[in-house]
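S.K.: Using the sequences and the hints given, assemble the complete structure.
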Amino acid sequence: MQSAVEKLRKYRDENYRSHDEIIELWTHVLSNRNLSSLGDEKWLILEQIFKSALHCSKQSIARQCFEQLEKKFKTASRRVTTLNGMYFESIGEFERAEEIYSTLLEDNETDAIVRKRQISLLKEQNQIREAISQLNSYLELYQADQEAWSELCDLYLSEHDYTKAAFCAEELLLINPHNHLNHERYASIRYSQGDYEKARTYYFSTLKINPTNIRSLYGIILTSTNLALKTLGTNSKIQNSNENNQSFNEQIQWAREQIIQKYIETTPDLLPIVESAIQSLTL
Amino acid sequence: MSEINTLAFVKMFLHLAKYPELAVNGVLLSTRTDSTKDEVDSASYLNFVDCIPLFHGVLSLSPMLEIALSQIDAYCSTRNLTIAGYYHANENYSDTNPNLTTGKIMEKIRENNPNAALIMIDNTLVDLDDGSRFYNVFLWNDKAWKNINDS
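One line per chain: the protein sequences are R and F, in this order. Read left to right, the first sequence gives residues 1 to 283 (UniProt numbering). Read left to right, the second sequence gives residues 1 to 151 (UniProt numbering).
The hints are simulated quantities; they were obtained by calculation from the structure and are not laboratory data. Worth double-checking, as some hints may not be accurate.
Unchecked claim - In silico EDC-like cross-links for lysine to aspartate or glutamate, where the CA-CA straight-line distance does not exceed 16 Å:
#1 R:LYS123 - R:GLU98
#2 F:LYS104 - F:GLU66
#3 R:LYS51 - F:GLU66
#4 R:LYS164 - R:ASP195
#5 F:LYS108 - F:GLU66
#6 R:LYS10 - R:GLU47
#7 R:LYS116 - R:GLU89
#8 R:LYS230 - R:GLU243
#9 R:LYS123 - F:ASP95
#10 R:LYS123 - F:GLU21
#11 R:LYS58 - R:GLU89
#12 R:LYS58 - R:GLU47
#13 F:LYS18 - R:GLU21
#14 R:LYS116 - R:GLU106
#15 R:LYS198 - R:GLU170
#16 R:LYS7 - R:GLU41
#17 F:LYS18 - R:ASP20
#18 R:LYS230 - R:ASP195
#19 R:LYS58 - R:GLU21
#20 F:LYS104 - R:GLU159
#21 R:LYS123 - F:GLU91
#22 R:LYS74 - R:GLU98
#23 R:LYS51 - R:ASP20
#24 F:LYS104 - R:GLU41
Just so we're clear, the structure is a prediction, and the values are computed from it rather than from any experiment.
M.R.: Take a look at the structure:
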């Protein structure tokens, strides 16, 4: 039992997403044992099992855990009441869940977790526009909430609203400028809008932070090709455009070398396909 | 009419199973025949022999899609295959409708193969124990994507 408890602790602390395994541990190891020896950790474990059970659609297990939590904390605990709301979300009783969350917010309107659950409710019912609007109001207050900015960015992307998604990606860049994924995401959004210059800048900044980000290497190839094609089409001074094209070509070659090197190291069988694909992209 | 072999079916299923909480998409391949470049009539036959998963999470960013499609094209031309279908599972459990993203991607795919089919995954039909169809097939008809089961 001890190893199971330690594993659960690790999953809690490091935010693992192994719901199936957690439920296995519960059903085979912990559900028959007396957890009182663990003291306060018992309640953390019950909460963890509850959430994983909802993820795996094992509502009966969730209910068992919830009953124990309710017995201990009665209705005074907002945390437990929120869990009850999540239960109703998972069985599709959205109105009941909304009631629970509204009541909690009446008591304390600064409860960020409950506000986010309300927004998730909207998303579950496919009311994306409404979810976007609520999430915007939430972010006016909680401007440093990375998870929320990321979610809003994804919602805008699902609506193909690249301008607003770019704004969210910019906020994420401001909050955490050292994460190479933020740079790459921003570059890809700008590329999707057609702003190849900006995309190229940010693909390069991604590579500065993480030189092995393959998506950014491909991004360099795509953006440089597109920019070179653009200058061929415009009436700019011949000398300037030749110099630009030369540097574009150098960068395309450099990125190509990096990608090929990576493929040689990992899956050399696919190399001919990759080379052929890059060639068709740069023609 | 369409047919799908075990490899394509299982790969598609496993892709869905790996990311149960996210939207996923991918392409289905079939062998290249002489008629794949021509417009289809309703009696044409699609036979999916392989599946290549594309993305999970955010599906609407174009740079990676361009790269992926050009790599798949290169792969297909060496093996006499063609992109004959595209499958798409929405993030929302009960949403089985084509949307902006599917429209744009299918437009691109149809440039090379006008007979390509759109496969929208229906989560309510996905069943580990039952080997039957867990998706709806849509064909391009009269400037819109129509479910072949709707008459």
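S.K.: Confirm or reject each hint.
M.R.: How the hints compare with the structure:
About 13 Å separates the Cα atoms of LYS123 of chain R and GLU98 of chain R, which keeps this hinted pair within 16 Å; it holds. Using a Cα cut-off of 16 Å, the hinted pair LYS104 of chain F and GLU66 of chain F holds, with the two alpha carbons roughly 12 Å apart. For a cut-off of 16 Å, the pair hint linking LYS51 of chain R to GLU66 of chain F is broken: about 38 Å separates their Cα positions. For the given pair, LYS164 of chain R sits about 14 Å from ASP195 of chain R by alpha-carbon distance, which is consistent with the 16 Å threshold.
Proximity of LYS108 of chain F to GLU66 of chain F is assessed by CA-CA distance (about 9 Å); at most 16 Å being required, the pair is judged to hold. At most 16 Å may separate the alpha-carbon atoms for a hinted pair to count; LYS10 of chain R and GLU47 of chain R meet this at roughly 15 Å. Between LYS116 of chain R and GLU89 of chain R, the direct Cα distance comes to roughly 13 Å. Compliance with the 16 Å bound is thereby established for this hinted pair. Distance hint between LYS230 of chain R and GLU243 of chain R is fulfilled; the C-alpha atoms sit about 14 Å from each other, no more than 16 Å.
Between LYS123 of chain R and ASP95 of chain F the CA atoms are separated by roughly 11 Å; this keeps the pair inside 16 Å, and the hint holds. At most 16 Å may separate the alpha-carbon atoms for a hinted pair to count; LYS123 of chain R and GLU21 of chain F meet this at roughly 13 Å. Annotation: proposed proximity of LYS58 of chain R to GLU89 of chain R holds, straight-line Cα distance about 13 Å (limit 16 Å). Restraint check for LYS58 of chain R and GLU47 of chain R: the C-alpha separation of about 14 Å stays at or below 16 Å, so the hint holds.
The suggested pairing of LYS18 of chain F with GLU21 of chain R holds, with an alpha-carbon distance near 14 Å, which does not exceed 16 Å. About 15 Å separates the Cα atoms of LYS116 of chain R and GLU106 of chain R, which keeps this hinted pair within 16 Å; it holds. Straight-line distance between C-alpha atoms of LYS198 of chain R and GLU170 of chain R comes to about 12 Å, which keeps the hinted pair within the 16 Å bound. The straight-line distance between the Cα atoms of LYS7 of chain R and GLU41 of chain R is roughly 13 Å, inside the 16 Å bound, and the hint therefore holds.
Only pairs whose Cα atoms come within 16 Å are accepted, and LYS18 of chain F paired with ASP20 of chain R is accepted, the gap being roughly 12 Å. Proximity of LYS230 of chain R to ASP195 of chain R is assessed by CA-CA distance (about 12 Å); at most 16 Å being required, the pair is judged to hold. The straight-line distance between the Cα atoms of LYS58 of chain R and GLU21 of chain R is roughly 13 Å, inside the 16 Å bound, and the hint therefore holds. Taking the CA atoms of LYS104 of chain F and GLU159 of chain R, the gap is near 12 Å; set against the 16 Å cutoff, the hint holds.
Of the pairs offered as hints, the one joining LYS123 of chain R and GLU91 of chain F holds, with about 10 Å between alpha carbons and a cut-off of 16 Å not exceeded. In summary, the hint linking LYS74 of chain R to GLU98 of chain R is not supported, as the alpha carbons are separated by about 20 Å, beyond the 16 Å threshold. Note on LYS51 of chain R and ASP20 of chain R: the hinted pairing holds, with a Cα-Cα distance of about 11 Å set against a maximum of 16 Å. In summary, the hint linking LYS104 of chain F to GLU41 of chain R is not supported, as the alpha carbons are separated by about 50 Å, beyond the 16 Å threshold.
Of the numbered hints listed earlier, those contradicted by the structure are 3, 22 and 24.
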